[in-house]
Amino acid sequence: MLVHSDFYAPVKIIAGEGAMDNIAVELSSLDSCKPLVIAPSGTATIIRDLVCAFGETGMEIGVFSHVTGKPTLADVKNIHEIYTSRGFDGIIAVGGGKVVHLAKIANIAASSSPEILRQFLADEKIPLPQLNPLVILSGLIIDGYECSKYAIFSDKRYESPSLIPKMVIVDKYALSGVFSPEVALSSALVMICALDDYLTEKHSFFSRAYTNSLFGLLIAAVDKARKPGKWKLPLANSLSLTGFLLSNNGGGWGYQLAQALAAKKEKSTGECACALLPHLLELAFERCGEEMGRMLMPILDVDSVDEVKAVLLATYHKIAQEAGVEGINLSINNSEGEEMIASIMLEGSAKADCSRLMVRLSS
Amino acid sequence: MSNSFAFRGYPSGKKPFKKLLVAAMLWFFGRAIQAGARVDKAIAKEFSDLPEGFSFSLEVIPDGPGMVVGKDKKGKVKFLGMNLHNQEITLRMRIKNMSAAFLLFTLQEGNAISAARNRLIIDGDIGHACAAIRVLEIVEVYLLPKVLARLALKRYPNWNIANKIWGRIAIYVRAVAGV
Amino acid sequence: MNFPVYYEFFCGARIIAGHDGLERIPLLLEELGVANPIILTDKGVVGAGLLAIVLASLRSEMRDVTVFDDIPPDSDILVVNRIAREYKKNACDSIIAVGGGSVIDTAKGVNALVSEDESDLFNLKGAGRIKRQLKPFIAMPTTSGTGSEATLVAVVKDNEKKVKCIFTSVFLQPNIAILDSRMTLTLPPAVTAATGMDALTHAMEAYYCLQKNPISDSHALLAVELISQNLLKIMENPHDKEGRLNLAIASNLAGIAFANSMVGMVHTLGHSFGAVCGVPHGVCMAVLLPYGLEYNMHKKSKEIGQLLLPLVGVEEYQKTPFRLRGERVVSIIREMNSSLNKITEGKHPLRFKDILGRDGRQLIREEDLATVAKVARNDGSIFMNPEELNYEDLLMVATASFAGNPLDVKQIKKG
Ligand SMILES: [Fe+2]
Chain S
1 MLVHSDFYAP VKIIAGEGAM DNIAVELSSL DSCKPLVIAP SGTATIIRDL
51 VCAFGETGME IGVFSHVTGK PTLADVKNIH EIYTSRGFDG IIAVGGGKVV
101 HLAKIANIAA SSSPEILRQF LADEKIPLPQ LNPLVILSGL IIDGYECSKY
151 AIFSDKRYES PSLIPKMVIV DKYALSGVFS PEVALSSALV MICALDDYLT
201 EKHSFFSRAY TNSLFGLLIA AVDKARKPGK WKLPLANSLS LTGFLLSNNG
251 GGWGYQLAQA LAAKKEKSTG ECACALLPHL LELAFERCGE EMGRMLMPIL
301 DVDSVDEVKA VLLATYHKIA QEAGVEGINL SINNSEGEEM IASIMLEGSA
351 KADCSRLMVR LSS
Chain L
1 MSNSFAFRGY PSGKKPFKKL LVAAMLWFFG RAIQAGARVD KAIAKEFSDL
51 PEGFSFSLEV IPDGPGMVVG KDKKGKVKFL GMNLHNQEIT LRMRIKNMSA
101 AFLLFTLQEG NAISAARNRL IIDGDIGHAC AAIRVLEIVE VYLLPKVLAR
151 LALKRYPNWN IANKIWGRIA IYVRAVAGV
Chain B
1 MNFPVYYEFF CGARIIAGHD GLERIPLLLE ELGVANPIIL TDKGVVGAGL
51 LAIVLASLRS EMRDVTVFDD IPPDSDILVV NRIAREYKKN ACDSIIAVGG
101 GSVIDTAKGV NALVSEDESD LFNLKGAGRI KRQLKPFIAM PTTSGTGSEA
151 TLVAVVKDNE KKVKCIFTSV FLQPNIAILD SRMTLTLPPA VTAATGMDAL
201 THAMEAYYCL QKNPISDSHA LLAVELISQN LLKIMENPHD KEGRLNLAIA
251 SNLAGIAFAN SMVGMVHTLG HSFGAVCGVP HGVCMAVLLP YGLEYNMHKK
301 SKEIGQLLLP LVGVEEYQKT PFRLRGERVV SIIREMNSSL NKITEGKHPL
351 RFKDILGRDG RQLIREEDLA TVAKVARNDG SIFMNPEELN YEDLLMVATA
401 SFAGNPLDVK QIKKG
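Residue numbers (the numbering used here), protein chains in the order written: chain S, 1 to 363; chain L, 1 to 179; chain B, 1 to 415.
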């Protein structure tokens, strides 16, 4: 394990029974008393519960329902306009993925100025002023970037510590739906991020602690995927932790490879993650099976390294099955494989690992 | 159309039913503590160890309801009503929101457990808060049937049954009568 | 994994660890947009030559920064006020704290005071009164134990009024914690032992007390493993840089764990022995930890049993039958204490009876125990302990730990 490390994940997690009810107190501890909610369409019930959670505070809540598509500058302008003209002082983003990207970018304009956002979009290195709080009300379908320092806007990935949300709230009332194939694909992404921490050199004791928690939460969730009410909280929790890991390793090679494959094969990143997972698991068992076993035994409440491995494999199978992609074949040929490896610029042992994996994928 | 959107403003959603019940429970607890201090030696001892003029509140954020109990100059323990604004309060124990208060007072959550779940914000001396919570726990044992109080406590005390029943009757009568 | 009904978790500090962590300071200050830090530390740190190392890591034009090196071990509100005046007088824009718990807590208080532009720290007392980002604050722990670089709390005493003021806010946490092996390399053996056991206690109590959660759990397990692999090794070989750094990391991990799950009765009684008799915190932890485990065993045998794995590794863990694991953990802690006792030639005590004061006389008398138990009842950590503790229970544990006898299981009242 690397003793030289630099780890940063300053997101407060509020999770479980009554988490959403604490939102007013939590916002006021961040000096915000008039939040603007940014939500995707189809979340009316969640918004009703959210408004209800503000209870006796007398706070005024604004709701911006973003309807479709990728976030655009026009959306950002609309939000900025509403935010400043009505005196909001914080943003709550409902769910994951695009809404959160939009909220992160819009927050720069809204709590500083459109000019600063323009500068930032031109050069992400400029120091941003202190922004107003951004809180995420976690959903079940994610891309992993929610709790990270990244935001994707106009097909570009921007990075700044200021983009990290202040808080993520995980509450069952905000987690609607069943363990759908889409949810399963989110889970596959989460699993790949966790495996990356074991497979890449860019890890630390701090990332490892979150990784082990993430495995515990994910496995508990997937195991209960068919029991209504049992899997949502742990799953949404593990989804949040994914951002913690991504923030600090920029995405390990497993995650990057899944992304590269997705672009190449016109599949979703989650599907490609499912295709990679059995091979990555095998590799991880070979490389550091003992270590994984030792770390995860108490967390998974099992009594041997082999049981840990069995549980991990079973979790993968369940995810692939629920996603409807078990045995997915990406039919990659040798030259495509090399192209992939070159595109994610790997070095050393990771490169060798990745090459071996591509050989297996293409055979 | 990627920029189609809808904006609406909402007032926060109030919870009148929960508020009413919580207020009633707080009122009763306040009176019961006053009564308990006259009937139970352990409660009396807790208060006698607290400083002169001490008072504490149990209240719901942001603006009540809440109740205040304190010691007057002669050291007598008094329920000081539900007004949180016009009196000096030594120790404030604030429940983070109405739903959490509702859980607490419908005994869906015990004190220790509730504190563990970060439902309470303590404003004041932690030592005083420990004493106040011990008082609340003893009052719970008197007021509630064993099955319920068990939920609220880590360890149900091993009291003499007769004492407990007499104490319970005395506290109920005094709490209702306000003496 | 049992998902708790509700939990919160937060670690806002960026953690930088390495043998050359300090060399990053100039760049970090630049990133934070500041140029005139005040360095807060104590005489012990200066005496050990650590301040010189920190100053040497600064850019040459910064070497004459404001330094306040007079933070006493029982720092209080007057010290905080004095430093705040110094900060303002020298137009400082950030804080670097180099030291143990007292220095870091004082620095938190100073930061609140200078950032919120208050003249009296008392006005900020309580929970959540501080709602805004404070001045940039870098903490460098010089003991591997307290974990105060990871907590959201500042405890500042008012020695005149004899009260402890507690401040809580997510903004009190340092922006950056730097764990550099050089900062703990010269820690004397007895202090290494005591602070190491403090960290171990943080990790263990975080793992079996009531507010445990899935994220504090994994931090705690890693911390236990690192401490068990490194503490005795360092005691044998104090100049082991790798081991020192591992221990500093463990202490931080344990700090993160307990900052989010709180601690239990080992701290309840430990704080009280500290307040009543002046026993150093780490020493109290080392003596009391086995008792905390024993006392809660009937309620938390699974969790305590699981702690055996990071202590002994997979093979021995599997060989130990399930029902014996918890007891084995207790005996390993006692064995660790015995080894530390031997290596420090008795300076690391095994029971309270043996602790000597500065004057060479027994520090704690048997008649103090009643006061210890009484004071312990008013320590907030008592609520997070799995089993109830009333006055008699506390006295029973205090008495056993005074004499060095294991707890009599029959005397533990089970709730
Ligand atoms: Fe401690």
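Keep in mind that a hint or two might mislead.
Ranges between beta-carbon positions, derived for each pair [unchecked claim]:
1) W166(L) x K131(B): 58 to 64 Å
2) N159(B) x W166(L): 55 to 61 Å
3) A91(B) x P11(L): 32 to 38 Å
4) T106(L) x K413(B): 25 to 31 Å
5) N329(S) x S338(B): 44 to 50 Å
6) P51(L) x D64(B): 19 to 25 Å
7) E81(S) x K302(B): 53 to 59 Å
8) K131(B) x D123(S): 50 to 56 Å
9) G324(S) x P11(L): 28 to 34 Å
10) V314(B) x F7(L): 55 to 61 Å
In short, the hints are calculated from the structure, not lab data.
Each residue gets a CB set at the ideal place from its N, CA and C atoms; glycine is no exception.
Outcome of the hint check:
1. W166(L) x K131(B): 58 to 64 Å: 50 Å, violated
2. N159(B) x W166(L): 55 to 61 Å: Distance hint for N159(B), W166(L) is violated at roughly 47 Å.
3. A91(B) x P11(L): 32 to 38 Å: 46 Å, violated
4. T106(L) x K413(B): 25 to 31 Å: Once the Cβ atoms are compared, 28 Å apart, the range 25 to 31 Å for K413(B) and T106(L) holds.
5. N329(S) x S338(B): 44 to 50 Å: 60 Å, violated
6. P51(L) x D64(B): 19 to 25 Å: 48 Å, violated
7. E81(S) x K302(B): 53 to 59 Å: Taking Cβ atoms as reference, E81(S) and K302(B) lie about 56 Å apart, which means the hint holds.
8. K131(B) x D123(S): 50 to 56 Å: Taking Cβ atoms as reference, K131(B) and D123(S) lie about 31 Å apart, which means the hint is violated.
9. G324(S) x P11(L): 28 to 34 Å: Distance hint for G324(S), P11(L) is violated at roughly 44 Å.
10. V314(B) x F7(L): 55 to 61 Å: 57 Å, holds
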